[in-house]
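Chains A and B, in that order, are what the protein sequence lines are.
At position 225 of the first sequence (counting the first as 1) the number is 225 in the numbering used here, and the numbers step up by one without a gap.
With the second sequence counted from 1, adding 1000 to any position gets you the numbering used here.
Derived from the structure by calculation, the hints contain no laboratory data.
Heads up, a few of these hints could be off.
Unchecked claim - Every beta carbon over 12 Å from chain A, so not counted as near; a handful from chain B, in silico:
(1) Thr1009
(2) Gly1045
(3) Ile1235
Said to hold, decoys possible - Derived DEER-like restraints, expressed as beta-carbon distance ranges:
(4) Leu1049(B) - Ala236(A): 33 to 43 Å
(5) Leu1289(B) - Asn151(A): 40 to 50 Å
(6) Arg233(A) - Gln1190(B): 29 to 39 Å
(7) Pro364(A) - Ser1031(B): 14 to 24 Å
(8) Glu1080(B) - Thr73(A): 37 to 47 Å
(9) Gly176(A) - Asn1067(B): 31 to 41 Å
(10) Gln1041(B) - Glu37(A): 39 to 49 Å
(11) Gly1032(B) - Pro364(A): 21 to 31 Å
(12) Ala236(A) - Asp1087(B): 27 to 37 Å
(13) Ser1031(B) - Ser315(A): 49 to 59 Å
(14) Ser1276(B) - Glu21(A): 43 to 53 Å
(15) Gln97(A) - Ser1227(B): 24 to 34 Å
(16) Ala236(A) - Gly1032(B): 46 to 56 Å
(17) Ser1227(B) - Ser213(A): 55 to 65 Å
Where a beta carbon is used, it is the ideal one built from N, C-alpha and C, also for glycine.
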Amino acid sequence: MFLFEYQAKAMMREQGIPVLEGIVATSEQRALDAARELGEGPWVIKAQIHAGGRAEGRVGGSEDLRGIEFSNTVLGVGQTAARMLGKSLVTPQTTRQGETINAVYIEPEIRSELQVFLAILIDGERGEPVCLASVKGGSQVERDIFDDPKNLVRVPLGATNQVALSVGHEVASQLGLPSSSIGAFAELVQQLHGLFVARDLSLIEINPLAIRSNGSLVALDARVTVDDNALYRQPAMGALASRRDQSGAEERAAKNGFNFIRLDGNVGTLSSGAGLAMATLDAITHLGGRPANFLDVPPVLEVSRIKEAFLLVLSDPGIKSLIVNVFGAGIMRCDTIADGLLLAHLEQTVSIPLVMRLAGTNAPLALSRLERSGLDIQFAPNLASGAQMVIDAADSPPAPRQTDSIVGRLTQWFTWTKEGPRS
Amino acid sequence: MSILVDESTRVICQGITGRQGTFHCERALASGTQIVGGVRQGKGGTSHLGVPVFDMVAEAIEVTQANASVIFVPPANAAEAIIEAADAGIALVVCVTERIPVLDMVRVRAHLKESSTVLVGPNSPGLAVPGVGTLGIMPQGIFLPGAVGIVSRSSTLTYEAVDQTTRNGLGQSACIGIGADPVGGISVSQSLQLFMNDDQTQGVVLIGEVGGRAEENAAEFLSTLSSYKPVVAYIAGQTVPEGRRMGHAGTIVHYGLGTARTKIEALQDAGVRVVSSPMEIGSVMAESLGR
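This is chain A alone, in the form it adopts within the complex (with noise of 0.2 Å):
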C-alpha cells in the first residue's frame, strides 16, 4: 500500500524526521491560503497521487504542466493548484490514463546544493533490510543508478529492531557527506529503520533529502509503501488505506481480493495466480496483441467472488474480447470459473467473444457446462492458440447477438448447474 506523500511526510514528523510545514489543499481557495499561512515564496505544489515520477509527469496532457510547480507569487500558488486538480496526472509510473489528482500538497521551495537519495527496503536476497543511498539525488535517480551502479551506496541492516548510529556513520562515510552533516544524517537512517520496522513497510524513500550548507538535513520528498500483508496488526496503516484514491474498478477490485490493474489494450484477461497471470499478458503482447488489464484472482471456492471478477473486466468498455486462462488447482476448481461467467451473463449479458482456456482440476465439467451456455466462447487447448484466438476474436467485428430474457437465461442457468457433467 502506497501512501501519499502527505501522509508520509506527517508519519515521518510524528518520528522527529525533519521534513518541511507543508498544507494539503483540495481546493484553489485552500491553496491561496495554505501559500499564505506558510509565509514568504516562493512555494512549490505537488500533486498527490499513488505514483513517482511526478516531476516528470504531465497533468491532464497539457505541455507546461509538470505533477511537482514553483511558484513565487500566492495567486501562482492558487492558479497552479486549480489547474492540477480534478485532473489526471500520468507519470512514467502511471497507466496511459494517469491518476486523477485529488489533494496538492503545499511547500516553501528550498535550494540545496547537495540532494541525496536514501530509502530503506527489503533486500529479497539476503532475507533482511537494506540501506540504498546515493549523492546523486533528485528525479534522475533510477536512471543514474542504472546507468552507473558504483553511485550506489548499499549497506545491509540486519534483523534488528534498532540499527547503530554507527550503520547511518558508514553511509555517510561512503557516500562522502560533509562533515558537518555526518551525526544528524546517522541519526536519520536510525529513525527511518525504526518507521520501517515499528510500522511494517516494505520501502521508505526520502529523495531527495536536501543537505543545506550548515550541515542540516531536509526530506524534501517522502515515499512509503506498507507492506499489505501486515495491515492486519498495523491499524493507523489500514485507517489511511481505506481513505485512499483508487478508480472505481480498482476499488472493487481490492474488496474482493483480486490483483487488478488496467491497462490500454483491448483485450481482457482473467487469470488465477499472478505468474499465469503475467504469462497470459506476456503470450497477448508476445503476439502482437494489448491487453486491457491484469487480474489475477486468488484460489476461492465461492461462486460469486468468480462473477464478481467477470463483472470487473467487462466494466471496461474498451475490451472487445476476453480470455480466461485457469489451471485448476488447490481449492480453485474449474466449474467454479465456469458458474461464475454463468451468473455474471445473468446479470450483465456477455456479448463480447470468449476464449477459454481451461485446465486442471473440472476443467471436462466446466467444458460441458459452459458448451450449452449459448455464449460466444472458443475452447483453447493451451494458452499458445488460446491467445491467438483472443487476439483475432478482439480484432474481427462481433457478430450480431440476441439478447434473451433474464427469465429465459436464469431458467438456463439452473439447467446447468442441475444437470452436472455430461457422461
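Using the hints, position chain B against chain A.
This is chain B only, laid out in the frame that chain A set:
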C-alpha cells in the same frame, strides 16, 4: 533418485485440521505421500484423516519419526510454525501459507542461519516428486516421472511447465515452487545446484519473474560451473510497467534492478536458453535434450 524427497521422507502437516490442510493432505495421502501425522495445538491426542494429531512438532517427531513438515497455518502464526519445526529438527519444511508479513520472514531467515533445515516457501505451491510424493498444493494427475527438474518462482506457471513436459513425454524428476515472497527459504540457485547433482535430472526448467535478483544470481551460479545440464528459462512479466505491482510484492521493480531485460541477458550470457513465450517451455526443453 531425486531431490529433497524420497522413499524415506515421513511428512507431518502443521495445520492439518484446517480446511486447506485437510483438503491437500487428503489428496497427498491418496496419491501415496507418506503423511504420518499432523500438528494442531489443542487437538493433540485426536486423529484426523486417519493419522495422529499432536500439540507440538517435537512430540510428533518422537512418535512418528517425521523428517519433513508441510505448513498450512494462518499467516499471523506461520513464522512461529516454521521456527518450531526447525528447532525440533525437521530437515525439510515446506510452507504453503501466503501473506506472511515480510519482517516475520526476516526473523525466520535470521533464525535458520543457525540451522540445517531446508525451507521451501513461504507462499509456495510446494514440492512434488512424481511417483514419490507431494508436499503442498500442486495438483495431482498432471505429473509424469521423468527427466526434467522444474524450479519456479510462480505457482500457477509451475503447472504450465509441468503440463507441457508431461504432454511431450519428458516427465519431471522433481518440481519445486520456491514461493513468490520477497524473503523466502531455498533460492533458485540452490535449487539448480540440487538438480545439477541429481542423477535422474537431465535438464532444468527455470521459471523466473520480474523483481528481485534471483535470476541474476542463478546466472552467476551457473557461470561458476565448468559445464552443466541444459537449462531452459522463461521470465514472467516482460510486459510489467516498472514500479507497478502485479500481485506479488516480489515483482516491484525497484530502481531499474531486476527487470525482465536484465534477467534475460544475464541468463543468456550464462548459456541458458531463454524462451520469449511461455508456450515454448516444453518444446525447447525437448529440443535441448535432443528429443
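Hint check results:
Thr1009(B), annotated as away from the interface, keeps every beta carbon of chain A farther than 12 Å; the closest lies near 21 Å. The beta carbon of Gly1045(B) sits about 28 Å from the closest Cβ of chain A, which is more than 12 Å, so the claim that it is off the interface holds. Distance check for Ile1235(B) against chain A: the nearest CB is about 9 Å away, which does not clear 12 Å, and the non-interface claim fails. Taken as a hint, the range 33 to 43 Å holds for the pair Leu1049(B) and Ala236(A), whose Cβ atoms sit roughly 42 Å apart.
Separation of Leu1289(B) from Asn151(A) is about 44 Å and conforms to the stated range, judged on CB atoms against 40 to 50 Å. At about 31 Å, the CB distance of Arg233(A) to Gln1190(B) agrees with the hint of 29 to 39 Å. For Pro364(A) and Ser1031(B), the hinted distance range of 14 to 24 Å is satisfied, since their beta carbons lie about 20 Å from each other. Against the hinted window of 37 to 47 Å, the Cβ-Cβ separation of Glu1080(B) and Thr73(A) comes to about 59 Å, which falls outside the hint.
For the pair Gly176(A) and Asn1067(B), the beta carbons lie near 52 Å from each other, so the given range of 31 to 41 Å is not met. Judged by the Cβ atoms, the range 39 to 49 Å given for Gln1041(B) and Glu37(A) is violated: they are separated by roughly 57 Å. Evaluation of the 21 to 31 Å hint for Gly1032(B) and Pro364(A) yields a pass: the beta carbon distance comes to about 24 Å. Checking the proposed 27 to 37 Å range against Ala236(A) and Asp1087(B) shows it holds: the Cβ atoms sit about 33 Å from each other.
The supplied range of 49 to 59 Å is broken by Ser1031(B) and Ser315(A), whose beta-carbon atoms lie about 41 Å from each other. Between Ser1276(B) and Glu21(A), the C-beta spacing of about 52 Å keeps the proposed range 43 to 53 Å intact. With their beta carbons about 50 Å apart, Gln97(A) and Ser1227(B) fall outside the hinted range of 24 to 34 Å. At roughly 49 Å, the beta-carbon separation of Ala236(A) and Gly1032(B) lies within the given 46 to 56 Å, and the hint holds.
Range check, Ser1227(B) to Ser213(A): about 59 Å between beta-carbon atoms, so the 55 to 65 Å window is met.
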